[in-house]
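Asks: The primary structure of each chain is shown beneath.
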Amino acid sequence: MLRINNRGQILLLAITIFTSTLLFILASMSKPTPKLTKYVGELQSSMILQISREYVSHRSRNMYIDLDSLIYDLYQYNESLGIFISRLSYLYSNYTDLNVNNGYGNYTLTWNVTYPYLNNRVRFSFYWNYSFLNYYYRNIEGIVVKYSNYSLYIEHTYICPQFKVIIHPCIYAVERKVVDIKYVGNGVWIIGIPTNTIQKFVDEYEIKFKVKG
Amino acid sequence: MLCGDKRMKHIEGILISIVYLIFIAYAYTSMRYSFSSCSLVEVNKGIAYYILQHKYLEIEDFVQYLKNNPSVVLIKIDGETVYYTENIQSYTTLNFVFLNDSKWVEVIVGVKD
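Residue numbers (numbering that gives the first Met the number 0), protein chains in the order written: chain Y, 0 to 212; chain D, 0 to 112.
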């Protein structure tokens with residue numbers, strides 16, 4: 000009787016081994032197919048930060064862009080492409096204080112990304128400030144014009160749980176022939192603008208801002 | 000008779016060990032695929048920084064940037080394969096979209112497993 004039980008157990012084990020081996024062989028014979036990773040990290044935050052920058056760029060130039068529509072598109076891409084963007088809510092704020100001696104401003108878009116068990120904050124911010132240095136005179140087509148020299152600082156800040164990146168973008172003046180620009184380094188520029196004028200500048204990501212001379 | 004029983008027990012022991020080994024192999028395989036590989040995380044970070052630094056996604060520039068990483072085996076932009084390496088074995092994809100001048104660009108990057 001004991002012997003019959005033993006034989007049954009051995010048969011069961013043999014069947015298990017045989018089945019497992021067969022499954023392994025079949026799995027290794029199957030054609031490799033691409034797997035979509037479920038790694039959620041820097042890439043998802045970057046997508047959100049990129050549309051934030053686009054939004055700020057449009058808003059700074061008084062151009063219309065529907066952020067809710069972009070969010071809806073991202074949700075659609077979750078279904079069609081598998082980009083793993085979670086539920087999003089946002090808050091936009093901007094502030095400018097432009098004076099003759101100094102001034103500053105920022106455009107900020109803050110996101111709350113809601114995952115099943117945690118909330119992440121993602122933020123894009125464009126910030127600039129300037130302060131008066133001195134006066135100088137410039138001859139423009141025979142007319143002597145009084146100019147104000149300013150030190151101007153520009154930065155983009157990208158913040159998410161995975162990183163904090165600060166970029167100092169390149170800028171140019173809308174009225175290139177009128178404004179003098181020189182890059183010093185680390186986001187600092189020396190700009191010369193005609194006194195008592197407001198000059199518009201655009202950075203390389205097409206975000207517009209003003210300096211009051 | 001007693002000798003036969005001992006032999007059966009011996010065979011049974013070996014078979015049980017084999018079953019254990021198979022379970023360990025299964026567990027190892029499933030663990031291996033449930034964690035992202037280093038190259039996948041590296042490529043993910045690389046693309047993320049590229050997105051932050053660029054206003055527009057220019058295909059040639061983007062492909063050139065990713066080609067520096069030998070783990071990248073495939074790049075598809077808007078469904079069109081723009082780069083692939085020969086002998087693509089098993090790979091995992093990183094999918095994302097880029098807002099290029101108010102128009103979405105769909106990008107799939109295949110990373111070697």
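Note that these hints are calculated values from the structure, not bench results. Note that beta-carbon positions come from the ideal geometry of N, C-alpha and C, so glycine has one too. Warning: the hint list may mix true and false statements.
[To be verified] Below are the DSS-like pairs computed for lysine-lysine, each with C-alpha atoms no more than 27 Å apart in a straight line:
no.: 1; chain 1: D; residue 1: LYS8; chain 2: Y; residue 2: LYS207
no.: 2; chain 1: D; residue 1: LYS111; chain 2: Y; residue 2: LYS207
no.: 3; chain 1: Y; residue 1: LYS176; chain 2: Y; residue 2: LYS211
[As the list claims (entries may be wrong)] Residues of chain D placed beyond 12 Å of chain Y at every Cβ, according to the derived structure:
no.: 4; residue: GLN52
no.: 5; residue: LYS66
no.: 6; residue: GLU79
no.: 7; residue: GLU85
[Stated by the list, open to error] Which residues of chain D face chain Y? A few of them, derived with a C-beta cut under 10 Å, are:
no.: 8; residue: ILE74
no.: 9; residue: ILE76
no.: 10; residue: TRP103
Asks: Would you settle whether the hint for TRP103(D) is holds or violated, based on the nearest Cβ-Cβ distance to chain Y being less than 10 Å?
Replies: Holds - the Cβ of TRP103(D) comes within 10 Å of chain Y, reaching about 6 Å at its closest.
Asks: For GLU85(D), which was marked as not at the interface, is the minimum beta-carbon distance to chain Y over 12 Å?
Replies: Label holds. Min Cβ-Cβ 15 Å, cutoff 12 Å.
Asks: Has the given pair, LYS8(D) with LYS207(Y), been kept, meaning a C-alpha gap of at most 27 Å?
Replies: 82 Å, violated
Asks: Need the status of pair LYS176(Y), LYS211(Y): alpha-carbon distance at most 27 Å?
Replies: 17 Å, holds
Asks: Taking the closest Cβ pair, is ILE76(D) under 10 Å from chain Y?
Replies: ILE76(D) check fails; min Cβ-Cβ to chain Y is 12 Å, beyond 10 Å.
Asks: Should the label of GLN52(D) as a non-interface residue stand, given a Cβ cut-off of 12 Å to chain Y?
Replies: 7 Å, violated
Asks: Check whether the Cα positions of LYS111(D) and LYS207(Y) lie no farther apart than 27 Å.
Replies: 42 Å, violated
Asks: Is it correct that the beta-carbon of GLU79(D) has no partner in chain Y closer than or equal to 12 Å?
Replies: The assertion about GLU79(D) holds, with a minimum of 14 Å to chain Y.
Asks: Using Cβ atoms only, decide whether ILE74(D) comes closer than 10 Å to chain Y, and label the hint accordingly.
Replies: The hint is violated - ILE74(D) has no Cβ within 10 Å of chain Y, the shortest such distance being about 13 Å.
Asks: Is LYS66(D) truly not at the interface, in the sense that its beta carbon sits beyond 12 Å from all beta carbons of chain Y?
Replies: 18 Å, holds
Going through the hint list in order, the structure does not satisfy hints 1, 2, 4, 8, 9.
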